[in-house]
Amino acid sequence: MRWSIPMSERAFDRDQIAHFTPEYHPKAPGDMRRQTIAALSEHGVGLDAGAELAIELTVTELVTNGMRYGGIVGRLDVFLYLETGGFLTVEVWDGEGAVEPVIKQAADDDDSGRGLALVAGLAERLWWERASFAKKVCARISLRTPAESALDPRRDPQPAAV
Numbered sequence: 001m002r003w004s005i006p007m008s009e010r011a012f013d014r015d016q017i018a019h020f021t022p023e024y025h026p027k028a029p030g031d032m033r034r035q036t037i038a039a040l041s042e043h044g045v046g047l048d049a050g051a052e053l054a055i056e057l058t059v060t061e062l063v064t065n066g067m068r069y070g071g072i073v074g075r076l077d078v079f080l081y082l083e084t085g086g087f088l089t090v091e092v093w094d095g096e097g098a099v100e101p102v103i104k105q106a107a108d109d110d111d112s113g114r115g116l117a118l119v120a121g122l123a124e125r126l127w128w129e130r131a132s133f134a135k136k137v138c139a140r141i142s143l144r145t146p147a148e149s150a151l152d153p154r155r156d157p158q159p160a161a162v
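By the working numbering, the letter at position 110 of the sequence shown is numbered 110, and the numbering carries on one by one without gaps.
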């Protein structure tokens, strides 16, 4: 499944709360995950476990993909914006980024290829844009994600396929 949803409209009321420029290093996704949660905490944003998990996974996947498929090794920018209505937008700029993001159905034995599909399922919106000097991949995530209810064992189980 290919996707390219340019997003020209912008929320008018949003505050940039952080800008990070991580080094290309295997620990960068984890560092960005921790720094994102710390930035939200510094801005007084309380998260339930489900929202925190969704944000951590999103940041990890977008940073990992930016490092893997970005055009200019050594330059990666991560921007965090608080949006009206209780949302966080994560933007990852990855240099020239010649590789377009693709959400695909990974085969059972594939070692990779599930990250963007997971992010698409967690985010309210996932899109990407190309600029003359870079590509950015963005995800808009609810800060009030009731993901804990999805993991609640008391919830009615889904019927089994027949």
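It is worth saying that the hints were derived from the structure and are not from the lab. Just so we're clear, the structure is a prediction, and the values are computed from it rather than from any experiment. Be aware that one or more of the hints could be misleading.
Simulated restraints on C-beta separations [claimed, not checked]: (1) Asp109 with Glu129: 21 to 29 Å; (2) Lys27 with Val99: 19 to 27 Å; (3) Thr84 with Glu23: 28 to 36 Å.
Cross-link-like lysine to any residue pairs, in silico, SDA-like; alpha carbons within 25 Å at most [claimed, not checked]: (4) Lys27 with Glu100; (5) Lys136 with Asp109; (6) Lys104 with Met67.
All residues carry an ideal CB built from backbone N, CA and C; glycine is no exception.
Handout entry: Lys104 paired with Met67 [C-alpha distance capped at 25 Å]
Key = holds (19 Å)
Problem - Hint check for Val99 and Lys27 - Cβ pair distance inside 19 to 27 Å - result: Holds: the Cβ-Cβ distance is about 23 Å, inside 19 to 27 Å.
Handout entry: Holds or violated: Lys136 to Asp109, with C-alpha atoms at most 25 Å apart
Key = violated (29 Å)
Practice task
Could you grab the alpha-carbon distance between Lys27 and Glu100 and see if it respects the 25 Å cut-off?
Solution key: The given pair, whose Cα atoms are some 24 Å apart, holds under the 25 Å limit.
Problem - Whether the CB-CB distance between Asp109 and Glu129 falls inside 21 to 29 Å - result: Given a distance of about 33 Å, which is not inside 21 to 29 Å, the answer is violated.
Exercise for the section: Check the following: the C-beta atoms of Thr84 and Glu23 are separated by a distance inside 28 to 36 Å. Expected result: Since Thr84 and Glu23 have Cβ atoms about 33 Å apart, the given range 28 to 36 Å holds.
Comparing the model with each numbered hint stated earlier shows that hints 1, 5 do not hold.
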